[in-house]
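Residue numbers (this note's numbering), protein chains in the order written: chain A, 2 to 138; chain B, 2 to 138; chain C, 2 to 138; chain D, 2 to 138; chain E, 2 to 138; chain F, 2 to 138.
Because the hints were derived from the structure by calculation, they are not lab data. Yeah, the Cβ is synthetic: ideal placement off N, Cα and C, and Gly gets one too. Heads up, a few of these hints could be off.
Claimed, not checked - List time: in silico SDA-like cross-link candidates among lysine to any residue, alpha-carbon distance up to 20 Å:
id : chain 1 : residue 1 : chain 2 : residue 2
1  : D       : Lys32     : E       : Asp72
2  : D       : Lys95     : E       : Asp72
3  : E       : Lys52     : E       : Glu27
4  : A       : Lys11     : E       : Ala59
5  : D       : Lys68     : F       : Val91
6  : E       : Lys11     : D       : Arg125
7  : C       : Lys32     : A       : Ala59
8  : C       : Lys80     : C       : Gly35
9  : D       : Lys36     : A       : Asp72
10 : F       : Lys95     : D       : Thr61
11 : E       : Lys11     : F       : Asn30
Stated by the list, open to error - Computed footprint of chain A on chain B; a stretch qualifies when at least three of its residues, placed anywhere within it, have a C-beta under 8 Å from a C-beta of chain A:
id : stretch
12 : 28-42
13 : 85-92
There are 6 protein chains.
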Amino acid sequence: MPAKVAVYRKEHFNAAHRLHNSAWSEQDNDKIFGKCNNPNYHGHNYELIVKLVGEPAADTGYVMDLKVLSDLINETVLKKFDHKNLNLDVPEFKNLNPTAENIVIVIYNLLRPNIDAQLDVQVRLYETERNFVEYPI
Amino acid sequence: MPAKVAVYRKEHFNAAHRLHNSAWSEQDNDKIFGKCNNPNYHGHNYELIVKLVGEPAADTGYVMDLKVLSDLINETVLKKFDHKNLNLDVPEFKNLNPTAENIVIVIYNLLRPNIDAQLDVQVRLYETERNFVEYPI
Amino acid sequence: MPAKVAVYRKEHFNAAHRLHNSAWSEQDNDKIFGKCNNPNYHGHNYELIVKLVGEPAADTGYVMDLKVLSDLINETVLKKFDHKNLNLDVPEFKNLNPTAENIVIVIYNLLRPNIDAQLDVQVRLYETERNFVEYPI
Amino acid sequence: MPAKVAVYRKEHFNAAHRLHNSAWSEQDNDKIFGKCNNPNYHGHNYELIVKLVGEPAADTGYVMDLKVLSDLINETVLKKFDHKNLNLDVPEFKNLNPTAENIVIVIYNLLRPNIDAQLDVQVRLYETERNFVEYPI
Amino acid sequence: MPAKVAVYRKEHFNAAHRLHNSAWSEQDNDKIFGKCNNPNYHGHNYELIVKLVGEPAADTGYVMDLKVLSDLINETVLKKFDHKNLNLDVPEFKNLNPTAENIVIVIYNLLRPNIDAQLDVQVRLYETERNFVEYPI
Amino acid sequence: MPAKVAVYRKEHFNAAHRLHNSAWSEQDNDKIFGKCNNPNYHGHNYELIVKLVGEPAADTGYVMDLKVLSDLINETVLKKFDHKNLNLDVPEFKNLNPTAENIVIVIYNLLRPNIDAQLDVQVRLYETERNFVEYPI
Numbered sequence: 002m003p004a005k006v007a008v009y010r011k012e013h014f015n016a017a018h019r020l021h022n023s024a025w026s027e028q029d030n031d032k033i034f035g036k037c038n039n040p041n042y043h044g045h046n047y048e049l050i051v052k053l054v055g056e057p058a059a060d061t062g063y064v065m066d067l068k069v070l071s072d073l074i075n076e077t078v079l080k081k082f083d084h085k086n087l088n089l090d091v092p093e094f095k096n097l098n099p100t101a102e103n104i105v106i107v108i109y110n111l112l113r114p115n116i117d118a119q120l121d122v123q124v125r126l127y128e129t130e131r132n133f134v135e136y137p138i
Numbered sequence: 002m003p004a005k006v007a008v009y010r011k012e013h014f015n016a017a018h019r020l021h022n023s024a025w026s027e028q029d030n031d032k033i034f035g036k037c038n039n040p041n042y043h044g045h046n047y048e049l050i051v052k053l054v055g056e057p058a059a060d061t062g063y064v065m066d067l068k069v070l071s072d073l074i075n076e077t078v079l080k081k082f083d084h085k086n087l088n089l090d091v092p093e094f095k096n097l098n099p100t101a102e103n104i105v106i107v108i109y110n111l112l113r114p115n116i117d118a119q120l121d122v123q124v125r126l127y128e129t130e131r132n133f134v135e136y137p138i
Numbered sequence: 002m003p004a005k006v007a008v009y010r011k012e013h014f015n016a017a018h019r020l021h022n023s024a025w026s027e028q029d030n031d032k033i034f035g036k037c038n039n040p041n042y043h044g045h046n047y048e049l050i051v052k053l054v055g056e057p058a059a060d061t062g063y064v065m066d067l068k069v070l071s072d073l074i075n076e077t078v079l080k081k082f083d084h085k086n087l088n089l090d091v092p093e094f095k096n097l098n099p100t101a102e103n104i105v106i107v108i109y110n111l112l113r114p115n116i117d118a119q120l121d122v123q124v125r126l127y128e129t130e131r132n133f134v135e136y137p138i
Numbered sequence: 002m003p004a005k006v007a008v009y010r011k012e013h014f015n016a017a018h019r020l021h022n023s024a025w026s027e028q029d030n031d032k033i034f035g036k037c038n039n040p041n042y043h044g045h046n047y048e049l050i051v052k053l054v055g056e057p058a059a060d061t062g063y064v065m066d067l068k069v070l071s072d073l074i075n076e077t078v079l080k081k082f083d084h085k086n087l088n089l090d091v092p093e094f095k096n097l098n099p100t101a102e103n104i105v106i107v108i109y110n111l112l113r114p115n116i117d118a119q120l121d122v123q124v125r126l127y128e129t130e131r132n133f134v135e136y137p138i
Numbered sequence: 002m003p004a005k006v007a008v009y010r011k012e013h014f015n016a017a018h019r020l021h022n023s024a025w026s027e028q029d030n031d032k033i034f035g036k037c038n039n040p041n042y043h044g045h046n047y048e049l050i051v052k053l054v055g056e057p058a059a060d061t062g063y064v065m066d067l068k069v070l071s072d073l074i075n076e077t078v079l080k081k082f083d084h085k086n087l088n089l090d091v092p093e094f095k096n097l098n099p100t101a102e103n104i105v106i107v108i109y110n111l112l113r114p115n116i117d118a119q120l121d122v123q124v125r126l127y128e129t130e131r132n133f134v135e136y137p138i
Numbered sequence: 002m003p004a005k006v007a008v009y010r011k012e013h014f015n016a017a018h019r020l021h022n023s024a025w026s027e028q029d030n031d032k033i034f035g036k037c038n039n040p041n042y043h044g045h046n047y048e049l050i051v052k053l054v055g056e057p058a059a060d061t062g063y064v065m066d067l068k069v070l071s072d073l074i075n076e077t078v079l080k081k082f083d084h085k086n087l088n089l090d091v092p093e094f095k096n097l098n099p100t101a102e103n104i105v106i107v108i109y110n111l112l113r114p115n116i117d118a119q120l121d122v123q124v125r126l127y128e129t130e131r132n133f134v135e136y137p138i
């Protein structure tokens, strides 16, 4: 009986963003988001780890070729996010606050349809070394 | 339907400790705890990662503001542990051996009552880069 | 009621390997495994993290003495793998492709019989900082 | 005779920026700066290491109290740079392209007058883990 | 007067090697090189940091475009070394023992003629996180 | 003509310490050393990097066998410092405040007489990831 193994691939991208809720007053935005609400944006080196769970194929010994997974992450996620302003350049955040929580959900939704349905997918996103998120749970 | 996301915050503290069981002979303490039983103490740079699981709020996009979580960890844990001798300065270890396992349980019990009951809490503690623990499972 | 805690120990080893399926043509090996199929081998600094889950003993505060676990990993795994050619020097890979997935399963199977059956065991293996695997799930 | 020792303090800040030369055509900016020329900015987690060289004082054993150095870096540099857009929010870059080279020179010039003239000062700045700079040489 | 700045670019490669002196007996090779003398090779994830020192150009703010430096390292060094057996696949080590010291000298000699003579070049090579070398001094 | 190469070996130790000047009042000690003056001590995971500069030998390709250097650091430094209280257990600090600056000078003085006089020696000591020192300059 084949055994399930988790495989992980780490990638990174650099982006600008601003945390803001347009339904709120500037005062409330400032109170809740503090310096993350700077109207001229700030930015991060985001680290992204994609986890797949499945059975290694008998002939290759791979759950998925991590070079192929890396290419897929580049094509599906990094081309949209790397060296971009998440609020202005990425349509998914036109009406969605680009918190780490919302970014990781968007990334998962971009990747999931492009990965074999027999594999479980989970995404971890580091906004800084000290603040990071994971989805789904 | 909102989705559950895990958020993580990393903090650190520096402390001295000694592993010792006062019910044992010195010989037994030495046999079991080795150089960790040095009566004059040794110390570590502890790294602490607190994980919360919950649904991001619709208006903020936050499971919990990690700045607020950081302040809470500082107030609840770091003020008691940082630059302290765990055996002598922290009452919880008066009769409890400050192994990494026992420290992580104490930290969880300090944090849990101060965090929204709807959020799951888990704590990881690095004693060194090579030895670390997690609670609860 | 005692509480379950996870304890982790990190070790490392350096090894050479080659990805290859002897049932395939050279052309197919080259297509699937690319430069990892180099007949003269390449190599890695593997990082290995062993996770045990159990209840800390009342008298020691340890799930397992991590010094003892470290010695066990050295005796059971590192002596076989460190500064070795996985394909040529490690019998387990005589007919098994040494992908990270297969290596982590082999390491788990070497460790599991040597660890208290009341403890759960899981192994994570880093082939590079960007590619890593975990077993079992 | 007292001996010279180097002491180092590491800090970090998060900022947005854009590489651009307003004297050039858009075509030339795009050719030279590529995706770093995105008009909507991108960003980084900058890591900053300040090195001081001097003789430890006989009574304290300190070249300089690193807590005081940390406070000085926060007051002099981080308040101007953290969670800011370097091009728009930091006057020093109004007419200066915020490359890592130019940022590290600006940071040095902000710090140097605030540090005891008997101490040598050098600054290292990580724009990413893979790209970093140092000044002066 | 323009100021000199150091810029650094980090790259990596994975390779197999063996330490051996063919003029010595097997016994002497074993005594000096120990397990690094395994005839079937072992391997490493090498980390390579190239440092250039020069004046930033007035129009770009760059000492050298690190994307161009990265491409140059890839073309000049990584194509020869990555996923290779240093002893068998890299002609420079046909009669030269591939210690970290000798590898870093070979890498420097490959890079130096391809970099602007006005820039100083220095190379650091990590064989493991704990063992690394630098050349020239 | 042989070329000079720097070789580095990284080791670590865990120790307790307290910063204190017995010639001062408690009030002055508290003002200058703050929480580092805790009479019950605190502690650190110290990381130690020893750098040697010399010419690689023609027959080995080594400046110095880093396994031998590691053994020497263990014998000369780590046996005295690891899992110790620097103030109480290490005679060198009986009348010397164990600041990072003073520790790195003591370590250098322990190592220097045991290393070939033709090799230059420099020591870097990390007290935390954010605070570190180097000697000599």
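To see whether the hints hold, each was checked on the structure:
The suggested pairing of Lys32(D) with Asp72(E) holds, with an alpha-carbon distance near 16 Å, which does not exceed 20 Å. For the hint linking Lys95(D) to Asp72(E), the alpha-carbon distance of about 31 Å lies beyond 20 Å, and the restraint is violated. Only pairs whose Cα atoms come within 20 Å are accepted, and Lys52(E) paired with Glu27(E) is rejected, the gap being roughly 39 Å. For the hint pairing Lys11(A) with Ala59(E), the CA-to-CA distance comes to about 36 Å; that exceeds 20 Å, so the pair is violated.
For the hint pairing Lys68(D) with Val91(F), the CA-to-CA distance comes to about 26 Å; that exceeds 20 Å, so the pair is violated. A hinted pair counts as satisfied when its Cα atoms are at most 20 Å apart, and Lys11(E) with Arg125(D) qualifies at roughly 15 Å. Proposed proximity of Lys32(C) and Ala59(A) is supported: the alpha carbons are some 17 Å apart, at most 20 Å. For the given pair, Lys80(C) sits about 30 Å from Gly35(C) by alpha-carbon distance, which is inconsistent with the 20 Å threshold.
Taking the CA atoms of Lys36(D) and Asp72(A), the gap is about 19 Å. The hint holds against a cut of 20 Å. With a C-alpha separation of about 15 Å, the suggested pairing of Lys95(F) with Thr61(D) holds against the 20 Å cut-off. A distance of roughly 43 Å separates the Cα atoms of Lys11(E) and Asn30(F); the hinted pair therefore is violated under the 20 Å criterion. Chain A is given as covering the stretch 28-42 of chain B, and this is violated because 0 residues of the stretch bring a CB closer than 8 Å to a CB of that chain, at least three being needed.
Counting residues of the stretch 85-92 of chain B whose beta-carbon sits less than 8 Å from any beta-carbon of chain A gives 0, not enough to reach three: the coverage restraint is violated.
In this structure, the hints that do not hold are numbers 2, 3, 4, 5, 8, 11, 12 and 13, in rising order.
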